[in-house]
Amino acid sequence: MDLVTLGVQLLNAIQYGMVLFLVASGLTLVFGILGVINLAHGAFYMLGAYLAYWIAAYTGSFWVAVGAGVGIAFVVGLLLENVFIRRLYGRDHLAQVLLSFGLILVIDEIRQLLFGKDVHSVLPPEGLRGAIQLTDNLSYPVYRLAICAFCLVAAAIIYFVITRTRIGMIVRAGAENREMTRTLGISFDTVNRYVFAVGIALAALGGIIVAPISTVYPGMGDSMLILSFVVVVLGGIGSIGGAAIGALLIGLTDTFGKVFFPSVSSVLIYVLMAAVLLWRPNGILGRREV
Amino acid sequence: MGTHRDPRVWLVPGVLLALAIALPFVAPTYYVQFVSKALIMGILAMSLNLVVGYGGLVSLCHAAFFGIAGYVLALASPKYDPASLWWTLPLAVAASAAAAAVIGSLALRTRGIYFIMVTLAFGEMLFFLFHDSKFAGGSDGAFIYNKPSIMLGNLTLLDLEKPLTYYFVVLAVLVAVIALLTMIVRSPFGHALAAARDNERRARALGFPVFRVRLTAFVISGAIAGIAGYFAAAQFGFVAPQMLGWHLSATVLVMVLIGGQRSVAGPLAGALVLIGLEEVLKATTEHWKLAEGLIVILIVLMLPNGVRDLLKMILPASDAQSGVESSTVIARSIATKQSSSLPDASGLLRSARNDDVVGGRHG
Chain E
181 MDLVTLGVQL LNAIQYGMVL FLVASGLTLV FGILGVINLA HGAFYMLGAY
231 LAYWIAAYTG SFWVAVGAGV GIAFVVGLLL ENVFIRRLYG RDHLAQVLLS
281 FGLILVIDEI RQLLFGKDVH SVLPPEGLRG AIQLTDNLSY PVYRLAICAF
331 CLVAAAIIYF VITRTRIGMI VRAGAENREM TRTLGISFDT VNRYVFAVGI
381 ALAALGGIIV APISTVYPGM GDSMLILSFV VVVLGGIGSI GGAAIGALLI
431 GLTDTFGKVF FPSVSSVLIY VLMAAVLLWR PNGILGRREV
Chain C
136 MGTHRDPRVW LVPGVLLALA IALPFVAPTY YVQFVSKALI MGILAMSLNL
186 VVGYGGLVSL CHAAFFGIAG YVLALASPKY DPASLWWTLP LAVAASAAAA
236 AVIGSLALRT RGIYFIMVTL AFGEMLFFLF HDSKFAGGSD GAFIYNKPSI
286 MLGNLTLLDL EKPLTYYFVV LAVLVAVIAL LTMIVRSPFG HALAAARDNE
336 RRARALGFPV FRVRLTAFVI SGAIAGIAGY FAAAQFGFVA PQMLGWHLSA
386 TVLVMVLIGG QRSVAGPLAG ALVLIGLEEV LKATTEHWKL AEGLIVILIV
436 LMLPNGVRDL LKMILPASDA QSGVESSTVI ARSIATKQSS SLPDASGLLR
486 SARNDDVVGG RHG
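Top line first, the protein sequences correspond to chains E and C.
For the first sequence, position 255 matches number 435 in this note's numbering, and the numbering has no gaps at all.
For the second sequence, position 36 matches number 171 in this note's numbering, and the numbering has no gaps at all.
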């Protein structure tokens with residue numbers, strides 16, 4: 181394998197890892213702040229991709245789909261928190277698992293009613309459809325590079341909000357010691373609602389930006405849910421930095437696993453997870469005894 | 136104690152068993168097969184409850200143990216002759232137990248939300264293993280052309296091909312599983328398991344090998360899930376990767392929630408209720424999953440103790456607790472009373488089950 185091909189695979193791995201990071205960071209935020217395990221996270225990723233397909237087909241603009249899709253997911257997140265998730269705080273994990281499982285069944289059926297179960301594809305936005313010629317017979321699609329840039333911007337925004345703003349301070353304090361933060365007079369009612377909505381919106385955003393490079397199909401949420409879980413287990417619950425490390429590790433393992441060990445590639449990420457569990461059961465950046 | 140010596144305790148199970156034995160003589164074959172299926176799911180739900188209810192560990196990979204046993208039967212069945220139950224059943228159960236031992240020894244290094252995510256991930260790994268690889272039909276699954284039987288020379292003693300025989304075999308297995316699980320949860324081992332659930336640090340401080348106890352429970356539970364999977368595969372004559380998928384694991388958890396986590400046979404009732412409900416919903420609407428999802432959400436929010444909450448709403452005065460339940464309730468109340476009477480400043484004695492992952496270092 182020559183250097184250019186290796187470079188292309190490396191770009192693929194990074195791009196894949198970045199999308200994973202976007203989705204998993206939403207999941208780890210909800211774990212960290214709300215203490216709720218949300219199995220329906222993948223369902224919102226799937227819903228985002230279907231919304232992207234539907235809105236882009238209706239309006240003809242991918243960018244409208246990005247804005248409207250994220251907006252819809254955010255509002256749905258606010259509503260869900262208010263109606264269902266709020267009642268789960270302090271309940272055991274079994275209740276959380278099963279309520280979000282019920283949500284998956286409902287969301288899947290709503291998707292069936294609204295969009296059917298067909299497999300769709302979405303065109304990349306105008307201007308990002310070309311490819312960069314690397315060598316005579318190798319090119320790299322511009323849109324994949326755009327995804328990298330897009331995710332980097334999103335990650336920068338998340339980083340800025342968490343480390344530099346008041347709401348970020350509350351989020352960090354809440355993840356560190358919720359009781360103490362509450363004692364200091366911070367009400368988590370509003371914070372919880374917005375964090376959950378942002379988490380859902382991040383999942384949908386992941387689904388939307390992935391739509392042009394993958395197919396849009398009903399089962400896409402399930403596989404993303406498992407991958408995000410592995411990312412969070414690798415990185416440590418509630419840690420955005422951990423999610424970034426975990427996501428890149430999975431991106432690299434999966435992409436290069438398919439290149440070098442195609443016969444066992446589907447198991448490799450789980451082997452990685454098992455190794456991390458043996459080495460650090462609380463994740464690479466997980467500090468706490470849980 | 137002595138509650139289990141009360142002869143009335145045997146009344147309800149005895150009547151139910153008599154009804155179950157009488158069923159095939161009054162009901163058409165379709166219903167006999169339907170109840171067989173529900174009883175198998177009941178065995179699976181009861182096996183899961185040993186880990187969830189008594190161990191306090193929410194596992195999302197039990198469908199994988201269920202499916203592995205089914206696949207072992209499919210792979211071990213000769214093409215033109217029925218497989219012998221004598222050696223295929225132990226082989227299938229051993230395979231499930233082995234998978235549970237490997238997954239358990241890794242997943243039990245974690246707690247709470249981590250444990251849920253890790254079991255889900257390893258369960259899906261096994262799903263993809265059967266889904267993506269060529270052996271046993273890949274994503275299409277595999278057929279079992281001849282159902283297992285017990286032969287003595289040329290004489291067929293037991294042939295699972297016959298619905299009636301199959302039903303009674305499943306019923307016998309069910310009774311045996313209930314007896315086994317009841318023995319386990321009443322044994323010192325079962326009490327150690329419950330102690331680790333109620334307060335892990337305390338159990339550890341008292342010298343219980345918590346990891347080993349949990350792993351043993353996980354393996355036993357996986358093996359019983361394997362028994363259920365073997366008979367499920369034998370009934371349908373077909374195995375597919377979906378048998379291992381986490382949607383089945385979650386559905387079985389719903390059964391556990393409906394039936395209640397604090398009794399051995401509760402999840403069996405949960406399985407009968409949920410499968411009956413699914414059958415009714417499927418008959419009434421095309422979008423039965425929407426209705427099922429909403430019902431699951433409502434149950435979680437309004438009936439945290441499942442059917443028992445419903446019974447309490449209907450019969451507010453009745454006290455429908457069996458011997459097993461009341462003894463565990465007593466044990467639990469003793470455990471909580473003791474832990475609340477001791478100083479809790481260091482957070483050392485917080486119940487492991489109620490640990491708030493976000494809470495971090497209280498105190």
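None of these hints come from the bench; they were simulated from the model.
Mixed in with the good hints, there may be bad ones.
[What the hints assert, rightly or not] Only pairs whose alpha carbons sit at most 25 Å apart, straight line, appear in this in silico DSS-like list of lysine-lysine: (1) Lys438(E) - Lys297(C); (2) Lys214(C) - Lys269(C); (3) Lys297(C) - Lys214(C); (4) Lys172(C) - Lys297(C); (5) Lys297(E) - Lys417(C); (6) Lys447(C) - Lys172(C); (7) Lys172(C) - Lys417(C); (8) Lys297(E) - Lys424(C).
[Said to hold, decoys possible] Far from chain C, by Cβ distances over 12 Å, these chain E residues were calculated: (9) Leu186; (10) Gly240; (11) Val244; (12) Gly251; (13) Leu303; (14) Leu314; (15) Tyr320; (16) Tyr339; (17) Gly348; (18) Gly466.
[As the list claims (entries may be wrong)] Only part of the chain C face toward chain E is listed, based on derived beta-carbon distances under 7 Å: (19) Val193; (20) Ile248; (21) Val253; (22) Met318; (23) Glu427; (24) Ile432.
Just so it is clear, CB atoms sit at the ideal spot from N, CA and C, and this is done for glycine as well.
Worksheet entry | Violations among the numbered hints, reported as their numbers in ascending order | 1, 6, 18 and 22
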